[in-house]
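2 protein chains.
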Amino acid sequence: MVEDAPRRQPTLDEVTELAGVSRSVASRAINNAPHVSRAKREAVERAVRRLGYVPNPTARALATRQTGAAALVVSGEDPSIFADPFFAQVIVGASAALEEADLHLMLCLAASDRSRKRVGELLRSKGADGAMLMALREDDPLARMVQEAEMPVVFGGRPVGTTPRWYVDVDNVGGAREATEYLISRGRTRVAAICGRLDTEVGRARYRGYRDAMLAADLGPFPPQEGDFTEPSGAAAMAALLANHPDVDGVFAANDNMGAGALRALREAGRLIPADVAVVGFDDLAVAQIADPPLTTVHQPIAALGREMARMLVALISGQDPTPLILPAHLVTRASA
Amino acid sequence: MVEDAPRRQPTLDEVTELAGVSRSVASRAINNAPHVSRAKREAVERAVRRLGYVPNPTARALATRQTGAAALVVSGEDPSIFADPFFAQVIVGASAALEEADLHLMLCLAASDRSRKRVGELLRSKGADGAMLMALREDDPLARMVQEAEMPVVFGGRPVGTTPRWYVDVDNVGGAREATEYLISRGRTRVAAICGRLDTEVGRARYRGYRDAMLAADLGPFPPQEGDFTEPSGAAAMAALLANHPDVDGVFAANDNMGAGALRALREAGRLIPADVAVVGFDDLAVAQIADPPLTTVHQPIAALGREMARMLVALISGQDPTPLILPAHLVTRASA
DNA sequence: CGAAAGTTTGGGAGCGCTTCCAATTGAGGG
DNA sequence: CCCTCAATTGGAAGCGCTCCCAAACTTTCG
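Protein chains in written order, with the numbering used here: chain Z, 1 to 337; chain A, 1 to 337.
Worth flagging that the hints you see were computed from the coordinates, not collected in a lab. As the structure is a computational prediction, the values presented were derived from the model and not from experiment. Be a bit skeptical, because a hint or two may be false.
Short, incomplete list of chain A residues facing chain Z, as computed with Cβ under 7 Å [what the hints assert, rightly or not]:
(1) V54
(2) L62
(3) F82
(4) A83
(5) P85
(6) A88
(7) V92
(8) L105
(9) L109
(10) E121
(11) S125
(12) A260
(13) I290
(14) D292
Idealized CB from N, CA, C, for every residue including glycine.
Construct all of the structure, not just a fragment, from the sequences and the given hints.
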């Protein structure tokens with residue numbers, strides 16, 4: 001049995017030797033930098049191929065002070081928040097955009113104190129070239145950590161309270177307004193809102209949009225019926241709503257999960273959808289199409305959100321000063337309203 | 001305006017100086033290594049605190065030859081495969097386990113040729129301490145890359161063809177068999193299978209389980225009705241099934257998405273569920289509970305899959321030789337069967 | 001034909017940390 | 001009080017790469 005010696009990866013010096021050039025030249029050739037004669041460049045390329053040389057990213061990172069990685073931090077008490085397919089789509093978009101800039105994606109689920117501490121260290125120790133932050137809640141300790149870290153940071157959605165210098169967000173207010181206006185335009189007058197957590201900016205913004213639309217139509221907005229963006233919480237909110245306001249005829253749910261929950265609660269209560277109660281959601285995830293009846297909802301470009309966050313971060317890393325971005329959202333009508 | 005000078009992070013040498021110790025001592029103190037007197041240890045700790053020193057992970061990585069990161073590679077032609085909530089759960093589990101070992105998670109969506117090439121380089125250049133691979137298909141170029149890379153690799157699910165040395169899988173055959181046996185036990189005799197892509201091992205294994213159960217009950221197994229694990233493909237497969245075998249009275253779908261699709265197709269065809277046709281899925285994702293009627297399905301411990309993969313990888317990295325693991329799956333009965 | 005201008009080249013000093021090893025110090029025993 | 005042995009200490013050599021800079025070499029042109 002020919003057991004290969006546990007040889008390490010070849011280093012630049014070995015390429016150097018095989019190609020008969022100096023280290024500087026080899027380095028330049030490998031990085032496609034100028035000031036290398038055709039002959040030497042080819043010699044280096046040949047040596048690289050023969051040795052199967054791959055530059056060591058760590059060494060390169062140390063020398064250039066660039067890690068070649070960007071972090072995507074998803075904050076939240078509970079790791080299960082991440083189970084929301086929303087994030088998967090953000091990741092798909094971000095990943096594609098980072099790839100264009102040859103950056104790797106580090107994913108940080110900042111749920112426990114321990115993980116938050118690790119994220120803090122990552123940010124402060126220049127363990128990545130930049131970071132994208134999502135789902136910050138009020139008083140999220142991460143917010144302060146970011147302050148201290150002198151690292152390019154892009155927010156996905158705005159945190160509560162402050163407006164960061166760089167962020168990408170969706171027009172939550174506008175989307176919610178459009179959804180509510182649509183319900184009103186279909187003749188609904190007693191439109192309630194099942195809103196997301198009010199300690200998040202999304203939750204607040206979507207309720208604000210709903211409220212604006214109601215006031216503009218001279219209808220009395222319902223007080224916020226708070227859920228936590230999950231299906232069960234939507235069902236529970238709907239049940240509460242039915243108990244307190246049996247005559248409700250329209251519901252704006254701040255996301256599709258809760259919309260689906262509302263649908264279920266309504267079915268269980270024997271209400272017809274949309275005849276008795278019309279429902280509109282927000283997000284346009286797969287669940288909206290699978291729901292019964294299919295959920296009218298506000299479509300938001302989630303992958304684009306991830307993509308634009310990543311692009312903004314790349315711009316930031318390369319020394320530019322991009323401007324914040326707010327992506328449009330628009331209504332998609334299906335059977336539920 | 002007091003603009004802070006754009007000072008870099010403090011380095012070990014600055015700690016060294018402030019604490020009045022040598023670099024070796026400072027390094028040892030920071031890493032909680034022995035051979036440091038109480039006095040000096042405290043002096044170092046004080047200096048660290050005053051300066052806000054955080055070790056530079058890149059430099060550490062270069063010196064120790066350990067990056068402190070593990071890669072999770074999700075392969076597939078189409079990045080949207082990743083939108084399956086399945087992966088989100090795997091990530092939650094893996095992330096938690098990696099955190100225990102103080103490893104960061106690099107997420108690689110290997111969809112394009114370009115991204116696959118980058119993954120290959122990551123593996124060969126020791127850009128991570130180890131990797132977890134998922135969703136490998138037949139002839140996946142990644143398989144060869146892994147061969148060449150001398151890096152600890154754990155597979156999530158087995159690839160087609162070969163059985164890797166280290167993997168974590170779910171008992172797909174057993175789960176599928178149980179599902180099918182259940183349908184048979186409910187008096188169904190014309191049970192069809194909507195199976196996943198047959199160029200994946202999951203797809204094959206689940207069909208095999210179905211087939212085994214049918215044969216064991218002296219029933220003729222249907223030929224595989226292939227889908228691609230998405231909801232629409234499940235609906236299409238169900239429609240085809242209804243067209244070719246109008247008397248089908250039971251369906252085993254190789255995952256919940258396709259199961260939900262089948263449900264929809266059956267509803268649209270006017271069949272009653274489960275009276276006319278009983279349906280069982282596989283995965284036990286959220287969609288199974290939301291579906292109408294709620295989907296009887298085979299529960300698999302997805303987060304545990306991720307967790308065990310990560311643990312196995314950690315063991316591998318630390319020089320151990322763990323044994324492959326097959327996690328159990330079990331039926332969860334709901335209204336659809 | 002020589003000076004000026006432009007290229008290519010390789011030496012070498014880092015990047016910030018770990019770790020080997022020799023030197024120093026302190027404790028304990030005869 | 002001196003010697004041995006163990007614990008602590010600091011010097012210095014890397015880890016593998018980038019990049020500045022001075023030296024060597026070409027080309028161009030007066």
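* Asked: Which numbered hints does this structure break?
  -> Those not satisfied: there are none.
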